[in-house]
Amino acid sequence: MALPRARVRSWVAVTKTAHRRCSTEGTRRPRSLASGNLSAALYVHWPYCEKRCSYCNFNKYIPRSVDEAAMERCLVTETRTLLQLSRVQRVESVFFGGGTPSLASPHTVAAVLEAVAQETHLPADSEVTLEVNPTSAPGSRLVAFGAAGVNRLSIGLQLSLERGTALFTQVQQGTLPAPDPDLAAEMYLEGRIVLRESGFRQYEVSNFARNGALSTHNWTYWQCGQYLGVGPGAHGRFIPQGAGVHTREARIQTLEPDNWMKEVMLFGHGTRKRTPLGKLELLEEVLAMGLRTDMGITHQHWQYFEPQVTLWDVFGASMEVEELLEQDLLLLDDRGLRCSWEGLAVLDSLLLTLLPQLHKAWQQRCPSPVPGG
Amino acid sequence: MWTLAGRGWWRCCALAPCASGAARRGLPGLLPAPAGGSARGARTGVRLYSSADRKEKIDMSRIPAENTRNFSIIAHVDHGKSTLADRLLELTGTIDRTKNNKQVLDKLQVERERGITVKAQTASLFYNYEGKQYLLNLIDTPGHVDFSYEVSRSLSACQGVLLVVDANEGIQAQTVANFFLAFEAQLSVIPVINKIDLKNADPEKVESQIEKVFDIPNDECIKISAKLGTNVGSILQAVIEKIPPPKVNRDNPLRALVFDSSFDQYRGVIANVALFDGAVSKGDRIVSAHTQKTYEVNEVGILNPNEQPTGKLYAGQVGYLVAGMKDVTEAQIGDTLYLHKQPVEPLPGFKSAKPMVFAGMYPIDQSEYNTLKSAIEKLTLNDSSVTVHRDSSLALGAGWRLGFLGLLHMEVFNQRLEQEYNASVILTTPTVPYKAVLSSAKLIKEYRAKEITIINPAQFPDKSKVTEYLEPVVLGTIITPDEYIGKITTLCQTRRAIQKNIVFIDQNRAMLKYLFPLNEIVVDFYDSLKSLSSGYASFDYEDAGYQTAELVKMDILLNGNIVEELVTVVHKDKAYSAGKAICERLKDSLPRQLFEIAVQAAIGSKVIARETVKAYRKNVLAKCYGGDITRKMKLLKRQTEGKKKLRKIGNIEVPKDAFIKILKAQPDK
Numbered sequence: 001m002a003l004p005r006a007r008v009r010s011w012v013a014v015t016k017t018a019h020r021r022c023s024t025e026g027t028r029r030p031r032s033l034a035s036g037n038l039s040a041a042l043y044v045h046w047p048y049c050e051k052r053c054s055y056c057n058f059n060k061y062i063p064r065s066v067d068e069a070a071m072e073r074c075l076v077t078e079t080r081t082l083l084q085l086s087r088v089q090r091v092e093s094v095f096f097g098g099g100t101p102s103l104a105s106p107h108t109v110a111a112v113l114e115a116v117a118q119e120t121h122l123p124a125d126s127e128v129t130l131e132v133n134p135t136s137a138p139g140s141r142l143v144a145f146g147a148a149g150v151n152r153l154s155i156g157l158q159l160s161l162e163r164g165t166a167l168f169t170q171v172q173q174g175t176l177p178a179p180d181p182d183l184a185a186e187m188y189l190e191g192r193i194v195l196r197e198s199g200f201r202q203y204e205v206s207n208f209a210r211n212g213a214l215s216t217h218n219w220t221y222w223q224c225g226q227y228l229g230v231g232p233g234a235h236g237r238f239i240p241q242g243a244g245v246h247t248r249e250a251r252i253q254t255l256e257p258d259n260w261m262k263e264v265m266l267f268g269h270g271t272r273k274r275t276p277l278g279k280l281e282l283l284e285e286v287l288a289m290g291l292r293t294d295m296g297i298t299h300q301h302w303q304y305f306e307p308q309v310t311l312w313d314v315f316g317a318s319m320e321v322e323e324l325l326e327q328d329l330l331l332l333d334d335r336g337l338r339c340s341w342e343g344l345a346v347l348d349s350l351l352l353t354l355l356p357q358l359h360k361a362w363q364q365r366c367p368s369p370v371p372g373g
Numbered sequence: 001m002w003t004l005a006g007r008g009w010w011r012c013c014a015l016a017p018c019a020s021g022a023a024r025r026g027l028p029g030l031l032p033a034p035a036g037g038s039a040r041g042a043r044t045g046v047r048l049y050s051s052a053d054r055k056e057k058i059d060m061s062r063i064p065a066e067n068t069r070n071f072s073i074i075a076h077v078d079h080g081k082s083t084l085a086d087r088l089l090e091l092t093g094t095i096d097r098t099k100n101n102k103q104v105l106d107k108l109q110v111e112r113e114r115g116i117t118v119k120a121q122t123a124s125l126f127y128n129y130e131g132k133q134y135l136l137n138l139i140d141t142p143g144h145v146d147f148s149y150e151v152s153r154s155l156s157a158c159q160g161v162l163l164v165v166d167a168n169e170g171i172q173a174q175t176v177a178n179f180f181l182a183f184e185a186q187l188s189v190i191p192v193i194n195k196i197d198l199k200n201a202d203p204e205k206v207e208s209q210i211e212k213v214f215d216i217p218n219d220e221c222i223k224i225s226a227k228l229g230t231n232v233g234s235i236l237q238a239v240i241e242k243i244p245p246p247k248v249n250r251d252n253p254l255r256a257l258v259f260d261s262s263f264d265q266y267r268g269v270i271a272n273v274a275l276f277d278g279a280v281s282k283g284d285r286i287v288s289a290h291t292q293k294t295y296e297v298n299e300v301g302i303l304n305p306n307e308q309p310t311g312k313l314y315a316g317q318v319g320y321l322v323a324g325m326k327d328v329t330e331a332q333i334g335d336t337l338y339l340h341k342q343p344v345e346p347l348p349g350f351k352s353a354k355p356m357v358f359a360g361m362y363p364i365d366q367s368e369y370n371t372l373k374s375a376i377e378k379l380t381l382n383d384s385s386v387t388v389h390r391d392s393s394l395a396l397g398a399g400w401r402l403g404f405l406g407l408l409h410m411e412v413f414n415q416r417l418e419q420e421y422n423a424s425v426i427l428t429t430p431t432v433p434y435k436a437v438l439s440s441a442k443l444i445k446e447y448r449a450k451e452i453t454i455i456n457p458a459q460f461p462d463k464s465k466v467t468e469y470l471e472p473v474v475l476g477t478i479i480t481p482d483e484y485i486g487k488i489t490t491l492c493q494t495r496r497a498i499q500k501n502i503v504f505i506d507q508n509r510a511m512l513k514y515l516f517p518l519n520e521i522v523v524d525f526y527d528s529l530k531s532l533s534s535g536y537a538s539f540d541y542e543d544a545g546y547q548t549a550e551l552v553k554m555d556i557l558l559n560g561n562i563v564e565e566l567v568t569v570v571h572k573d574k575a576y577s578a579g580k581a582i583c584e585r586l587k588d589s590l591p592r593q594l595f596e597i598a599v600q601a602a603i604g605s606k607v608i609a610r611e612t613v614k615a616y617r618k619n620v621l622a623k624c625y626g627g628d629i630t631r632k633m634k635l636l637k638r639q640t641e642g643k644k645k646l647r648k649i650g651n652i653e654v655p656k657d658a659f660i661k662i663l664k665a666q667p668d669k
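Residue numbers (full-length UniProt numbering), protein chains in the order written: chain A, 1 to 373; chain B, 1 to 669.
Hints are computed from structural coordinates only; laboratory data are not their basis. Everything numeric in this text was worked out from a predicted model, so none of it was measured. Idealized CB from N, CA, C, for every residue including glycine. Just so you know, not all the hints are guaranteed correct.
Claimed, not checked - Calculated lysine-lysine pairs in the DSS-like style (CA-CA distance at most 25 Å, straight line):
id, chain 1, residue 1, chain 2, residue 2
1, A, 360, B, 656
2, A, 360, B, 645
3, B, 632, A, 279
4, B, 354, B, 513
5, A, 360, B, 648
6, B, 664, B, 644
7, B, 648, B, 637
8, B, 572, B, 587
9, B, 574, B, 487
10, B, 623, A, 273
11, A, 51, B, 623
Said to hold, decoys possible - The following residues of chain A were derived to be distant from chain B, with all beta-carbon distances above 12 Å:
id, residue
12, 211
13, 303
14, 364
Unchecked claim - Using C-beta positions, here's what the derived DEER-type ranges look like:
id, chain 1, residue 1, chain 2, residue 2, range
15, A, 169, B, 657, 24 to 34 Å
16, B, 392, A, 303, 41 to 51 Å
17, B, 389, A, 187, 47 to 57 Å
18, A, 317, B, 648, 14 to 24 Å
Produce the complete structure using the sequences and hints provided.
Listed below in structure tokens is the structure:
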């Protein structure tokens, strides 16, 4: 254990310098997909919470005691296994989510980061986020997390009413009023205006940043970059090249912490479900995720996933898409395809026109019976 | 059925003694003495005969017309008609006396559930009275005026009726309607006050109601409890003494009335007949006066209550015959049958069934079209009064436009489809057949008639081309405790009804007569009446022809585009409220879209109601990170699949559900 610890310290030391530089310059910018299949983001799930919150539907457990040493070993093991499987050469960001990962010990966080640094290249200025619950993260502890390598905090805010929560049940039963959709829409609009006027860039439907402090990690999701999911119930999307596979897979790890740990100890990972993503499915995700961002889908971005059929080919001739363009909800120009300010708020409706159009264009282009083949 | 009984007999012989196990309906005195020679059984309540008896044909010639009585039981719903029938069947040994005889003549599930008789059944009862053998033909009738034509045909085979009234509820609307049907047919009416065993029974009060409304002296009422069997015997006595035998002549050529028919998969149509003259035998060639088709009688017999061949039936008797008719329309109710080459004057009163309520019927899923088609065909085999026309709707797909005698008829038909054929359907809001008197020479030439019936709103001729429009009206009878009169009067006024009469039938019950446009009662009138009177008011109606009406065609528009499925014909005075109601329902069931939708009701170019569906202002999943993508894509996939099923009107996407919500008959409101 001596050696890794030394490595951790060394990685953290570099990071700190980088982080300081970031904060002062305030110009961290999300990377494009230039590094492609060679890089990935890493999500690490800490499944435990102190108590159950009525609004939360995440995969979390309220344990009587946590065997943190075992958990740490398993997180490290799975991180190593999946990194090897993906054969990525670079990890651009690490996100510790949960659950309440601020309940984990900084040591665990450090151990995972060290494993990443050992397996692959973890640049010194990589974004390392820790999801925190302010009540379980006093200043001293945050300092310790910082020392472990964390350089970004995510303070979760629940914006939506989720199925399977006590809150949802209460609304269903009528004990609590459901938010009035018109009022909610009004509040959203007002919020966007207030933030814009305060100098925030809305870089995604629910994400705003000042001074260019965008989240690299989340940006990877919307740009359909590869990401590895480590920990109970974590999701990932990457090409398991180490297993000789050449298509991207949507992967889910075993949900319950105890079972997951058993599997990790037996097999080195707790991957429960692997779904190959067809090319068309991947393009659907590119469309649905990309349009959530203010940049939308640039021609270059689209071309990375689909070199032959351009955005113009897919959407340029559709009457229905034309209607959306005329209504100023959508823009298709030399930069690419993106939502207007108004369009972003109704993106899910726009997608119901765009996705079938993508299907149509795809079928015309490749009338193969295998979808996305 | 016959061969089965025969087999039972053989088995029975092998296992003798078996009398108790083979208790059967006995036909004392009419059969050649059975092997066991048990004439004793004739006078006991429970007759024990072996099935061997049934093998022998009853000699119907031995029952003279003067020993025959043909009668019906008529009553309001739940006043105990079927229970009384059970007791009469038991008392005459037609069925065994067990605890399980409940509504023996009501064979359909819907009949037992609703406590109504849909399909009339008939039973021939043999009864010994003062040393003479009588044949009492109980001709059951459908218990609702939707079936008033059937009732009147059944009654025309009778000489008398038992008018059953609940000792607790007293005279109800249907009691009145039924009484007048019997009265007009000049039948003897024997009033029976039933349920005297009930705690709140007030037979004296009911007696005085009967005297007041029907002008029948109160000492003529027979007070019984059909449930307990109390005093039921005196009914049979009254039937024999007060109801005259049929006036008929056996020596004339055959003249038989078809008063009901049913369909048997193997034998074809089974026609229930009452003989007014002559006789009919197996092998006879008979002719339908209505269709002029000739048939050979394969089987003839009495209903006991199951079919029992007798080989022959004579004038005054009631029974069934099977004559190779393939379709119930060949044995229409009210038709007259006569012997080949011996034509007779048909019996009066025949008319083809006239549907008064129309509704569209569609399979919930188009893949079930053929299954539903076959179910409808099978049901209509037994019910020639339902008219069936193929129809199709852009929103609901292929289906039918069905015509029914009335609302109950429609509900019963739908319920039978569900219960007997496991079919689930979309039934559209019922409409009535309007008429238009044409003024346009061109249209008259086109239709080859000056007066046309409009069943489909699409055929509604423009006002400039008609002299007048007509709507069907009915004479409604409402009987209610007096405290509800005010509310009921208001309800009737909102339904454009005109009060014709109001009479107090006792100190606190009134009988109101109203002339209603049929259209005003087809949807939810009955439910409204029941709810505002806490269930105490009863309602019944009879056809009262057509009256002039100011009808208009109302269009429903979405952003200016007419929705063809929702075109309706309404009375001018009701257009606004009807239009508003449809717009409101449409507004509630149309999903928001990316633009505002104007939902309008219009008469011609004039908009009379409007609702607005606001545009979406926000429709985007708030949070979408790594773990949400799979779920999000699934949701979008489902939504795009759903979108394919939407019908586009202009650029507005309308889900099928929205049409169903508006077109579907509303349960109650």
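Hints, verified against the model:
1. 360(A) x 656(B): Holds. Residue 360(A) to residue 656(B) sits at ~24 Å (cutoff 25 Å).
2. 360(A) x 645(B): holds, 17 Å
3. 632(B) x 279(A): holds, 18 Å
4. 354(B) x 513(B): Status holds; Cα separation ~23 Å.
5. 360(A) x 648(B): With Cα atoms ~19 Å apart, residue 360(A) and residue 648(B) stay inside 25 Å; holds.
6. 664(B) x 644(B): holds, 22 Å
7. 648(B) x 637(B): holds, 19 Å
8. 572(B) x 587(B): Roughly 23 Å between the alpha carbons, so the hint for residue 572(B) and residue 587(B) holds.
9. 574(B) x 487(B): Given pair residue 574(B), residue 487(B) holds - Cα atoms ~20 Å apart, limit 25 Å.
10. 623(B) x 273(A): Roughly 23 Å separates the two Cα atoms, so the pair holds.
11. 51(A) x 623(B): holds, 22 Å
12. 211: holds, 22 Å
13. 303: holds, 22 Å
14. 364: Given that every Cβ of chain B is farther than 12 Å from that of residue 364(A), nearest at about 17 Å, it holds.
15. 169(A) x 657(B): 24 to 34 Å: holds, 25 Å
16. 392(B) x 303(A): 41 to 51 Å: Hint holds: Cβ distance 48 Å, inside 41 to 51 Å.
17. 389(B) x 187(A): 47 to 57 Å: About 54 Å separates the Cβ atoms of residue 389(B) and residue 187(A), which means 47 to 57 Å holds.
18. 317(A) x 648(B): 14 to 24 Å: holds, 19 Å
No hint from the list above goes unmet by this structure.
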